[in-house]
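For reference, the chains in residue letters:
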Amino acid sequence: MGERVSGVPTFEAWTAARVPALLRFAVLVTGSRAEAEDAVQAALERAYVRWDRVARTEDPDAYVRRMIANAHVSLWRRGRRREVPVAEVRGSEADPTGAASDPMEASDRADVVRRSLAGLSRAQRAAVVLRFYEERDDAEIAALLGCAEATVRSHVHRALVAMRKELGDD
Amino acid sequence: MTEQQDEQRFAEFLRDGLRQLSTEVDVTVPVAERARAAVVRRRRRSLLAAGAATAAVVALVVAALAVTHGADRSRPLGPATTATDVPTAPEIPGGYRLESWHSVEVYVPVSWGWGGAPPACGVGPRLGSDGHRLVSGETVPGYVGRPVAQVRHCSQRSQGTQPTPTTPYVWLGASLAPGRVDLGGGWVQETRMVAGVTVTVAGDDADLRAAILRSAHPTSTGCDTRLAAPPTPGGSAEDGTFAPGSMLVCAYAADESAAHYDLLYAESLPAGAAKELADAVVAAKPLGEFSCYGARGGEWALLHLTQGWAPDAAFRDYVVDLSCPSIAAPDGTQHELTTADVLPWAVDGVNAVLHAPPQVALPGRLIALTR
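Here the protein sequences come in this chain order: S and E.
In this text, residue positions in the first sequence follow the UniProt record's numbering: the first is 1, and each later residue adds one.
In this text, residue positions in the second sequence follow the UniProt record's numbering: the first is 1, and each later residue adds one.
For reference, chain E alone in the conformation it holds in the complex (with noise of 0.2 Å):
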């Protein structure tokens, strides 16, 4: 027997004894619906965790046991002070997701669309729930605002015309004062001022807007709040080595001087979106003796992608400037900003924070300047 069939007779072996070990595999247990509750459990811990600061640990294991043991979920919502006076946030389906906006962070329903906040122009409801435009007529059961949309080119007709709401909302950072007002009709607008931004939450269900306050607290999602200059482009794998299992998008803007950037929007995405990133740098051409290295102010996106989940594992940074417009790879070479480039990352709410520079064609796509 050669070396080569010795070889292949193992391989043999070996594929039998695996392909029998699997068959002895108990394939009946229930992890996929452990999943979805563990899942529920989290979300239902953090809108909790975020209430009154010194009642918070005593509100996460109680809010655990509370779910565990069918707790009443219509229970008055109010202050958690003790052990059977614990609030809980009202289940919906689907549950619901992290926002970021400067130093805070809140929870929202995943149905919840994003749109526009006092003082930008455009209030309401912009983008669906999967970050698609909204068209005349669609609705979406709730929205995320901040003050950036379309604000470059507000009339000064629109601002402080308010329409009466028929969709509950969240804005983050509104101009608006701490305080509870009535809209009438049982919808109620309450502010109130978390890690120094102020977050506001109208609608006409108590409950919710209590659990979406509550959930309120400082940002956490691995994206700087604040930065001092726009951010840079690292990392040190080769190419060939790296392959990405997630993106990590910071999008940021700077204030009127460029005296510092703040943090907009922030989103973990897959690895197919990292991965069609990575390639699309690579395939787009390098700029030439054109340079916007240095520059300030204007709006940027930082695009952290990983590779695995271990806390050390590699990793490489693109930044994304959206005024010159430009791409910079982890090791500062700056590309041509494409559709292919941005497409990647340009999804969900972060087609509500940043604008589309004119250069690239991003149908549906970040905030369209009009001219």
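Bound-form chain S, shown alone (with noise of 0.2 Å):
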């Protein structure tokens, strides 16, 4: 498993580069960082004990990613509901549509929206991790997800009108 065979890379080099970027995308889809370890944890075992096969015939970050935000929105559709924060942002001072500039503004900006992302269902949040962080579009959420693209659109729409209401912004 440690060796290069034509080009593809080993799983330690892979992982190597790519698992910080795994466990940020982990942590904002589950919103708590021990569901978010375990989640990408669970991914890549699965991954290495195929991952010649994973690394030949497909993009193994899109293959991992998938399993996580699958993982995560399986959870919530068995009804395992895990504990969450509750969403509790009325009266912030952080202003939802202005630009931060200092990094205290920054990091109230990040709390509200952290606040705001735990008042969502799995699936929802998980939508709009994938289009606001990761930057995909309706077809690649849906194949992630595993759900038809009007269903990323209700998702995502739901979830807007769900934090702004959240922010008293609407």
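By construction, these hints were calculated from the structure, which means they are not laboratory data.
Where is the CB? At the ideal position from N, CA and C, for every residue including glycine.
Some clues are possibly wrong.
As the list claims (entries may be wrong) - Computed beta-carbon distance windows for the label pairs: (1) S:R56 / E:A37: 18 to 26 Å; (2) E:K285 / S:V161: 43 to 51 Å; (3) E:A295 / S:P20: 35 to 43 Å; (4) S:D59 / E:S220: 28 to 36 Å; (5) E:E12 / S:R56: 49 to 57 Å; (6) E:R133 / S:H157: 47 to 55 Å; (7) S:S121 / E:T139: 49 to 57 Å; (8) S:S121 / E:V135: 53 to 61 Å.
Using the hints, put the two standalone chains together into the complex.
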């Protein structure tokens, strides 16, 4: 598993380069550091046992991200909700439509976004992260989440409505 | 400010917030190392678990503990009867993979290739560990043999002329009586009956031989091990909404009377292969008046595509009839079997168990039928 075969990256080389981005993605999707680490580890375990094929036949990054997103959303589908913080962001001083220029303001904005994300369903949250953090289009998100593009649009629309409502920005 | 501008500004606010949140994530967590360690632990546990049935639970628990605490892997092997006397599988580069045949599964080193087993002719390695056909002079560190390769065209002369082995092997379903044979030079061949199937292991590494034999257990791949009729297509996903996440390949062959169909091989493939197959079937020409619907006998492949990983995920079952040859879509429509239909799943060991239909160009894939 550690050798390089005709230009295919080794699992070790690939993870060394990609794990930081995967962890960032997973934390944003799940909203939980512990859940994110579990999701990334589980996805990497699946990739590791069939690495030669994954690396040769498709984009390993997409393969692992799809499993992270699916594991997260499947958890939601099965109704096994984990503890999530309650969104209580009304009255925040952060300006949801203004541009932050100093680190303190950026931190406030991150906190507002964090708490407003916590009020979303798992599927809505995953769709928002894929759209606004990963900058993916409807088709890509649908493929990653295993749903129709119309469902993606619905998730994103409802998520934005809910977030703006929580922010008092509607 | 227009509604569109307002939405754009909110989207930018969201993007900035998400970017900021992402910078706060601790990315030094060794998840890749944890993943590798977990896979190794599971493989070892699987090898141990299939030993003595009554000791299996004890073996699993203690194996995990042994791995965690760096137990001595050179410990002599033997029946796992106590928590302090549990054999462990030798650690090998890349670990082990699962091989299925009829009702039995066994773990073998991932670096091993595939080939034939008695009573088929052509006993020996035929494919490398990535499914490529070996060329003259090319070797593999070991191979898994099944009594299918070239059996239809085997000459009587080559029957029963098993050469002295130079490569370790596992034969599944070989026509051999259980027992132990000294092959000389430290090589030993041992055969056991597991789940009604012979499992034969030969090699000069006693620890590896013992670990492989202990790992043999009844099949649990998700493929039915025996069918009373050819597999049938099915699934409910609609075109355009089905995004396959994986494909389970179940290869079957009928017995001489076509009374039943036994599992020859099973393998799970990732989304890329599954999507390739689905696209290829859409592009393949539907068969017209000629149809093999209701055919019996021969070799078949059930290609089970699932969307996502949830237990209740949508699925599609495609069925390949290699004798017809055709591939049936989930709605039962038969399509022409083409090169593009076959290449996504004709990988790894499936190339050592199913025969290529002469009508389809499959260079280097499946077992070539010689005229």
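Open item on the list: Taking the Cβ atom of R56 (chain S) and the Cβ atom of A37 (chain E), is their distance within the range 18 to 26 Å?
Closed with: Hint holds: Cβ distance 24 Å, inside 18 to 26 Å.
Open item on the list: Looking only at beta-carbon atoms, does the pair S121 (chain S), T139 (chain E) fall within the given range of 49 to 57 Å?
Closed with: holds, 55 Å
Open item on the list: Verify the CB-CB distance for K285 (chain E) and V161 (chain S) against the hinted window 43 to 51 Å.
Closed with: Between K285 (chain E) and V161 (chain S), where Cβ atoms are some 47 Å apart, the hint holds.
- [ ] Evaluate the given range 53 to 61 Å for the C-beta pair formed by S121 (chain S) and V135 (chain E).
- [x] Given a distance of about 55 Å, which is inside 53 to 61 Å, the answer is holds.
TODO: Check the following: the C-beta atoms of R133 (chain E) and H157 (chain S) are separated by a distance inside 47 to 55 Å.
DONE: holds, 53 Å
Open item on the list: Taking 49 to 57 Å as the stated bounds, is the beta-carbon spacing between E12 (chain E) and R56 (chain S) within them?
Closed with: violated, 39 Å
TODO: Evaluate the given range 28 to 36 Å for the C-beta pair formed by D59 (chain S) and S220 (chain E).
DONE: About 30 Å separates the Cβ atoms of D59 (chain S) and S220 (chain E), which means 28 to 36 Å holds.
TODO: Kindly confirm whether 35 to 43 Å is satisfied by the beta carbon distance between A295 (chain E) and P20 (chain S).
DONE: violated, 54 Å
Comparing the model with each numbered hint stated earlier shows that hints 3, 5 do not hold.
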